[in-house]
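If you read the sequences in order, they're chains Z and V. Start counting the first sequence at 0; every next residue gets the next number (numbering that gives the first Met the number 0). Start counting the second sequence at 0; every next residue gets the next number (numbering that gives the first Met the number 0).
Be aware that one or more of the hints could be misleading.
Said to hold, decoys possible - Examples of chain Z residues toward chain V, derived with CB under 10 Å:
#1 Asp60
#2 Lys107
#3 Val271
#4 His280
#5 Asp369
Unchecked claim - To give an idea of the interface, some chain Z residues facing chain V are shown, with a C-beta separation under 7 Å as derived from the structure:
#6 Glu36
#7 Tyr261
#8 Gly273
#9 Ala277
#10 Leu291
#11 Tyr371
Said to hold, decoys possible - Mimicking EDC-like on lysine to aspartate or glutamate, the simulated pairs with C-alpha atoms at most 16 Å apart in a straight line are:
#12 Z:Lys179 to Z:Glu224
#13 V:Lys389 to Z:Glu260
#14 Z:Lys284 to V:Glu381
#15 V:Lys241 to V:Glu186
#16 Z:Lys179 to Z:Asp212
#17 Z:Lys263 to V:Glu149
#18 Z:Lys135 to Z:Asp202
#19 Z:Lys234 to Z:Glu224
#20 V:Lys271 to V:Glu186
#21 V:Lys279 to Z:Asp369
#22 V:Lys389 to Z:Glu256
#23 Z:Lys135 to Z:Asp226
#24 V:Lys241 to V:Asp140
#25 Z:Lys284 to Z:Glu256
#26 V:Lys226 to V:Asp153
Quick caveat, the hints were computed from the structure, so don't treat them as lab data. Nothing here was measured: the structure is a model prediction, and the numbers come from that model. C-beta atoms are modelled at their ideal positions from N, C-alpha and C, and glycine is treated no differently.
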Amino acid sequence: MAVLSEEQSMLRDAAKSWVQEKSPVTAFRKMRDSGVELGYDANAWNEMAEMGWAGVIIPEDFGGSNFGYLSMGLILEELGRTLTASPLLASGLGAASALVLGGSDEQKSNWLPKIASGEVVGALAVDEGAHHAPEKVALKAEKSGDGYTLNGTKSFVLEGLAANLYIVSARTSGNPGDTKGITLFVVPADAAGISKKRLSLADSRGAANVTFDNVKVGADAVLGEVDNGYPLLEKVLDRARAGLAAEMLGSANQAFETTLEYLKTRVQFGQVIGSFQALQHRAAKMFTDLELARSAVEAALQAIDNDTPDVPELVSLAKAKMGDTFHLISNEMVQMHGGIGMTDAHEAGFYLKRARAAEAAFGNQAYHRDRYARIQGY
Amino acid sequence: MADFGGSDLENFRKEAREWLEANFPPSLKGGPNPAMREERVEPTPDQELWRKRMGEKGWGVPTWPKQYGGGGLTPAEARVLQQEMGRIGAYNPIGGMGVMMFGPTLLEYGNEEQKQRHIPSICRGEIAWCQGFSEPGAGSDLASLQTRAEDKGDHFLVNGQKIWTSGAQYADWCFCLVRTDTTKKHEGISFVLFDMKTPGVEVRPIKLIAGNSPFCETFLTDVKVPKENLVGPLNGGWTIAKRLLQHERNSLSGAGPGGGGGGGRSLSKLAKEYVGVDEKGRIADSDLRTRIIMNDMDLRAFQQTALRAMLESKSNQGPTAATSIMKNAGTKTLQDRAELTLEVMGHQGLGWEGDAFTAEELAAVRGWLFGKATTIYGGSQEVQNNIISKRILGLPDLTQHN
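Pulled out of the complex, with its shape left as it was, chain V reads as follows (with noise of 0.2 Å):
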């Protein structure tokens, strides 16, 4: 295929529709993301066949450098493939933690060496990675981390334990933060990689409030790390993962807030089903349907500063104030609804599992309960709000009593 560099988009546009056709499986067609599920299941001949063949394309990750397997395409290129893809019903085949906030931290503050051994699998979807960050003694404080690794001359000895390790019973390799000075806080942590199958390394799977198990623990006894699996300077490891999560931020906004509630049928269908209507065909629960319809507005509202928030970033304002407030308000505004979905089903909204219950009512049920974890991670509600006021809004910090 031609090398598009600075051609016309339009001709983009056509070749990426010709290829698309000639080479996404029909039978794929709007069909959901298999790599989406939590619970990783063996993918059919098709889904296999178009990981493949979007990994050698090097369009899962359109933007990334051609040298290293990337699609070496333009943002502008990027949008035009992805209108595509939607207007043919594809989904992307590859994606992660890889994708979302590994592979641009590592392209940012990888050597060659290591960009070469890890971008090219990343860009096939061949790897899965994992993300070794949070203790149980450093979550909101993450930089007080405490997992040991001591310098063996041409190995780091490490020690310790991780946790909500998302999908690291499924994970090949591991992006990890690690403490290799004890007498400084941030400028203790270096960032490092490793094989998940390295001897020491023991997953076990943390059940959830939902019934699922997304998270893992990680225990890390003496596991050796080779010292060319070092990212950036040692000690230099708080920077990147600065960046990292700035990447995972970015990558989370333009999906939205994600976790339970979101979709499905309007919540205001579902009250007139299960609560009634009156004589005027308005929800026959004064109190809920006021309840409701704030909630409708709250969620319009943050579809608009969305929306907002993504034209301003592209004009030559930059990005504005309003990304910073996305995730705590949309967040809330899913949560509400989760609790609203609960409340308009009544009795039906209280199922487990069986058939004494729809698909859909025990689907609001585990949505309503992962929910809960979305003011927590990513930065939690009240971290999100220490962010606005102190670097927004300049608000300034405790000083010492006297």
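The shape of chain Z in the complex, shown without the other chains (with noise of 0.2 Å):
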């Protein structure tokens, strides 16, 4: 774990011993039951946003703590490690982080406070396909008097039904591929002509394709530069891609200490099952791989605090080694913990489920593969 400030510890702290009493994997599983539509418990966000997490990398004068980005990864760490489900990802980190690096004063006021305490909650709606790709936008923003008209569609977009605003990549210039042309807008979820679409996830986590049919906004919806919203889509997205990535390093160590627990407890053939070294060695390389993605996801957090130039392929590099990761640590729980990993009822399921959707967003390990050596030069 990363040399901790003195608030570090206690934020990190205090979100360890809010999931521990309050939020254990049980409670994912009696969100996932009740078929909640947001895809998180109501009362649990309100909790998280009293706590002030939503408002971590906000800034003071808009009703935030600004504590930072690794500060936001390690109570995101301690959520994951119960699969807690939340907007915190999607509102407190992607649309606060949009709001912060590209918006106006106006738009900074009117919306980060709300954000902070959590009443409002933001989304990031950038894909459009069924991968990854930030540079293909199609869906249009055309002038139209002093504004633009929206259409078209993104897809997959994280908590999109319980989003109250989105953050919409748009094309106003130039074709799908192409980054120049690209602009952002912030568009209120209730504007007239938004349509969302709830899909069911197999990690019931809350998501939904978000259409846009003749969508009128003004100038002011703007964020940031016409034409040249591509490099700041891009820090934001490397901000929700750390964020997840620390995310996914809760979820994964759990899975791995549960797994452990495991091998330490199951009796077969005379003797707790842990004692046989092939059982030994698979879990050393779990801890080993652990170790490695836990320096990665903090090194890229500390560069974003740190604004440092090479926040890109460090992000990516951290997403990656992360992905593979819990790939490896999801498949090896359900197959440890033999037929009841299979089972509905054990918590193994849970996991799995959860990586591949963790691995998919933003951005999977080959997308950021190819995007580290892009940024390497071959």
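Grab the two chains, each in its own frame, and use the hints to assemble them into the complex.
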């Protein structure tokens, strides 16, 4: 674990206790079984907001605490341990960073305080196909009068159903695949012409396809520069990726620890199965991979806090390494638990399903390996 | 030179800088450490001068006690010294097993007479030590060693064979594990020292698949070891050996896993040259490109972990679990890198010697071969996994089947 400041330690400890007391993995099961369309427990979200978690990367002038991205990562990691569902990543990290980095003073004061208080849930509406591809924007934003008219569909919008606010990437010029000609917009979810289709995903988390049918927005809805939104979008996505990697780190660690506990208690052939060397060595591999992944995730979050030029490559490294590690551990969790790992009654299935959803979001391992190489020039 | 004791760190930096500027031969600036070369070569006059000066000052072993010839510096001062040496391009001419592992162990377990006798010459880089631990029948299971030391009153009579003795052909002295009680396994081992010139000591270098011979077989036939060369209590050698191996691990972890394939031109640069690029500037072989990316990422995450482990160690967390994974993670990544280098070079990555191959190509082959040892020595990959599973993860031992 990175060397933390006192503030960061306190934040992490607070998150740890809240999760242990108020949100064990049984809370996730309860949420799933309830079929709640939002994909999270609204009461739990209120408690998180009351503790200030939604404002961790928001400046104090706008109702936040400005503890930074590593701090947000520490909270997300603890939530990830028990698969706690909430819009913290999409809203407190994704939408909030878009406004913090690119918003006008008016946009910031209109939205950030409400995001910090949890009253408004923001979501990033970026992808349009089956694979993450932020430059392949086809959703059109055509100039109409002083403002724009939006037409198109965004897919796999995390917390898309719950959202009161979308940060939308749209095309004001050029063709899908061009990084130039992309403009970001701040669009309230209740604007006329927006329709949401809830997605029922394997990991039971909230997501939707969002269709924009002649949605009219003013010039004041533009976030940043017209036609030049891609650099800001990449910065925002990198923050979302790093935060998601932190959540995955928590989930993978817990999946490993639960599995390790099983190895120490399950008896077959007259002994604890954890005494079999083949399983011991597989456990040692998972442990090793987790330590390496932790280093990458923490380094990415620290780089974001320090705003160093190597943020993109460190984020891609973190998302790819964490993806591989969670992929392995989620598979091993089911396998090592044997038959009971295959039952819905056991949480192994939850971690497996969550792993694949998290791997795919904001670019999977292959996407980030390619991006890492392109940044390095090969 | 003044005794720095607890004086100001910046004053020490100034003094160190001045001393280095006055005493480090400029011709050696930025040059490699001759002691790191496997084959022993006669030192140049400047190399010899530098060793003598650093040896007298005790700064080759900066934190060792002054009374035995060490520098007597605090860890903070030692770090400053290291920085100043880096700044001026000076290598540390004092090294070897005496520094890395034997000296620190002797300082902890040796008696006064032994410390006075052996530590000063280590500090001055005058005596080279080799390690007599492994045997043909005792590798991973070191404690099963059989080299026998019989009590003959005023001396031990030692008979047996050691293997993988690094640098034995150049060593002056040997620290050696011997069996002094055949009825007990771990509690029958003693830690002794002997002069490599003692009659009955025969050294034979072992040629490795890489073509070099850094390790030897050491045959011990009726070797007389004086009783005063017993370190620690009789049959108490295993504890001392374990501590020595810890020192070895600590000194290696700073340097990284070493061995085949590290350093040199980047893999992606080599690939672009040997394999070519596509119209988008990417390595032309997409399968190879992916595997190179994965190795680059593994290496980066390893380097991040080394940094994190070091920072955590220094903070009030103390050394964390991250340190236990270092050898396995690092060695595997470097071995993969060596394999990828060969693959990138294609036919040019198959040369043994001769001018049909560049020095870089030949070095790649030798490095790839020698690198296979890194997952075997210093605690094999399998043993490291056992250590992680049992000591860190707390998984139990197999019990007897009923």
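| query | Should the hint that His280 (chain Z) touches chain V count as held when the rule is a Cβ pair under 10 Å? | reply | holds (5 Å)
| Should the hint that Tyr371 (chain Z) touches chain V count as held when the rule is a Cβ pair under 7 Å? | For Tyr371 (chain Z), the interface hint holds, since the closest Cβ of chain V sits about 6 Å away, which is under 7 Å.
| Are the Cα atoms of Lys271 (chain V) and Glu186 (chain V) separated by 16 Å or less? | violated (57 Å)
| message | So if I understand the rule, the pair passes when the alpha-carbon distance is 16 Å or less; does Lys234 (chain Z) with Glu224 (chain Z) pass? | response | Status holds; Cα separation ~14 Å.
| field | Satisfaction of hint between Glu256 (chain Z) and Lys389 (chain V), Cα-Cα up to 16 Å | value | Holds, at roughly 15 Å.
| Straight-line alpha-carbon gap Lys135 (chain Z) to Asp226 (chain Z), limit 16 Å | Measuring from Cα to Cα gives roughly 14 Å; hence the hint holds.
| Can the restraint linking Lys241 (chain V) and Glu186 (chain V) be considered satisfied, given a maximum Cα separation of 16 Å? | holds (13 Å)
| message | Does Glu260 (chain Z) sit within 16 Å of Lys389 (chain V), going by the straight-line distance between their CA atoms? | response | Within the cut-off at roughly 13 Å; holds.
| Does the structure keep Lys179 (chain Z) and Asp212 (chain Z) at a Cα separation of 16 Å or less? | Violated, at roughly 24 Å.
| message | Tell me if the interface restraint on Leu291 (chain Z) is satisfied: Cβ within less than 7 Å of some Cβ in chain V. | response | holds (4 Å)
| Interface hint status, Asp60 (chain Z) versus chain V (Cβ within 10 Å) | Check failed: Cβ of Asp60 (chain Z) comes no nearer than 33 Å to chain V, outside 10 Å.
| message | For the restraint on Val271 (chain Z), tell me whether the closest CB of chain V is nearer than 10 Å. | response | The hint holds - Val271 (chain Z) has a Cβ within 10 Å of chain V, the shortest such distance being about 6 Å.
The earlier numbered hints that this structure contradicts are 1, 2, 6, 7, 9, 16, 17, 18, 20.
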